[in-house]
Amino acid sequence: MNHQRRTLLKSTVATGTIAIAISAGLLTPQAVLAAWPKAAFNAKSVGDALNTLMGAKDAVASKDIQVDAPDIAENGAVVSISIKTSIANAEQISILVKENSLPLAASYVLSPDTEGYITGRIKMAKTSDIIAVVKAGNKLYMAKKSVKVTLGGCGG
Amino acid sequence: MSQKKMKIRAWMDDGRANVKAIIFHPMETGLRKDKASGKMIPAHYITEVVCTHNGKSVLTCLWGPRVSKNPFISFRFRNAKAGDKLEISWVDNLGNSDKSEASIS
Chain D
1 MNHQRRTLLK STVATGTIAI AISAGLLTPQ AVLAAWPKAA FNAKSVGDAL NTLMGAKDAV
61 ASKDIQVDAP DIAENGAVVS ISIKTSIANA EQISILVKEN SLPLAASYVL SPDTEGYITG
121 RIKMAKTSDI IAVVKAGNKL YMAKKSVKVT LGGCGG
Chain X
157 MSQKKMKIRA WMDDGRANVK AIIFHPMETG LRKDKASGKM IPAHYITEVV CTHNGKSVLT
217 CLWGPRVSKN PFISFRFRNA KAGDKLEISW VDNLGNSDKS EASIS
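Quick mapping for you: the protein sequence lines, in order, are chains D and X. Oh and the first sequence: position 49 is 49 in the working numbering, straight run, nothing missing. All you need for the working numbering is the position in the second sequence, starting with 1, plus 156.
Treat the hints as calculated values from the structure; they're not laboratory data. Be careful, since some hints might not be right.
What the hints assert, rightly or not - Derived DSS-like pairs: lysine-lysine, alpha-carbon spacing no greater than 30 Å straight-line:
(1) D:Lys-98 to D:Lys-144
(2) X:Lys-225 to D:Lys-38
(3) D:Lys-145 to D:Lys-98
(4) D:Lys-139 to X:Lys-212
(5) X:Lys-191 to D:Lys-44
(6) D:Lys-44 to X:Lys-237
(7) D:Lys-98 to X:Lys-212
(8) D:Lys-126 to X:Lys-237
(9) D:Lys-84 to X:Lys-195
(10) D:Lys-126 to X:Lys-212
(11) X:Lys-237 to D:Lys-38
(12) D:Lys-44 to X:Lys-225
(13) X:Lys-237 to D:Lys-148
(14) X:Lys-237 to X:Lys-161
(15) X:Lys-176 to D:Lys-38
(16) D:Lys-126 to X:Lys-241
(17) D:Lys-84 to X:Lys-176
(18) X:Lys-212 to D:Lys-84
As the list claims (entries may be wrong) - To list a few chain D residues with every Cβ distance to chain X over 10 Å, as calculated:
(19) Val-67
(20) Thr-119
(21) Lys-148
What the hints assert, rightly or not - One-sided and incomplete, this derived list gives chain X residues near chain D with beta-carbon spacing under 7 Å:
(22) Ile-178
(23) Phe-180
(24) His-200
(25) Asn-210
(26) Ser-213
(27) Thr-216
(28) Cys-217
(29) Leu-218
(30) Ser-224
(31) Phe-231
(32) Arg-232
(33) Asn-235
(34) Lys-237
(35) Ala-238
(36) Ile-260
Every residue, glycine too, gets a C-beta built ideally from N, C-alpha and C.
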């Protein structure tokens, strides 16, 4: 068990480096991709990812965010998640999976007309908390939901 | 290489536009092994999705490899009416891109 985890960790780090090398050479001409927060997606902790992506490490727990996800996900490759918030002027919603080796899954930038509601499907390696972070007026708010995963969905 | 397909549904409900879309894309993490050859399957995932309503951006999705295969999005926005144009475009980490249009019903 432990041994496997080490190998997984190693391969994650290795592929990460390759990805950086590839993207440095291949993707820089794309102006659109320049905005893609690569550092945040490669951050290894929730705090680092938030800091890089949203400019602050800590988020205040809020009751105005509702995370809708299954209690038990049979297949970690497809976990349906819905995030609803009544926080006014929400600018950005991010979804993080605490126990994934690289926690940041997706981030959604909202326009003033867009409502604080997002549904998507993400992968989870194992049982973990899903953390939803909402940015509004330079402040971060968060809510959590624990999801039990029976079969991991991040790799081989 | 990849299927360049997308399904979009957009409709008005209770004064706001509802959008549901599926993009057909493999979303490979780069951590999976090809069982036949034993080689790692290279990472291939969508990095950015932009949804525009009459040319104005309503939602930008920043995605990493941890988004599921054939990703699904659903969102709502205000100040829209039936017949308005909604366009969704995406770019992936290999530089492929695609876009598709729908009108709000």
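* To do: Please write out, lowest number first, the hints stated earlier that are contradicted by the structure.
  => 6, 7, 8, 9, 10, 11, 13, 16, 20, 22, 23, 24, 25, 34, 35 and 36
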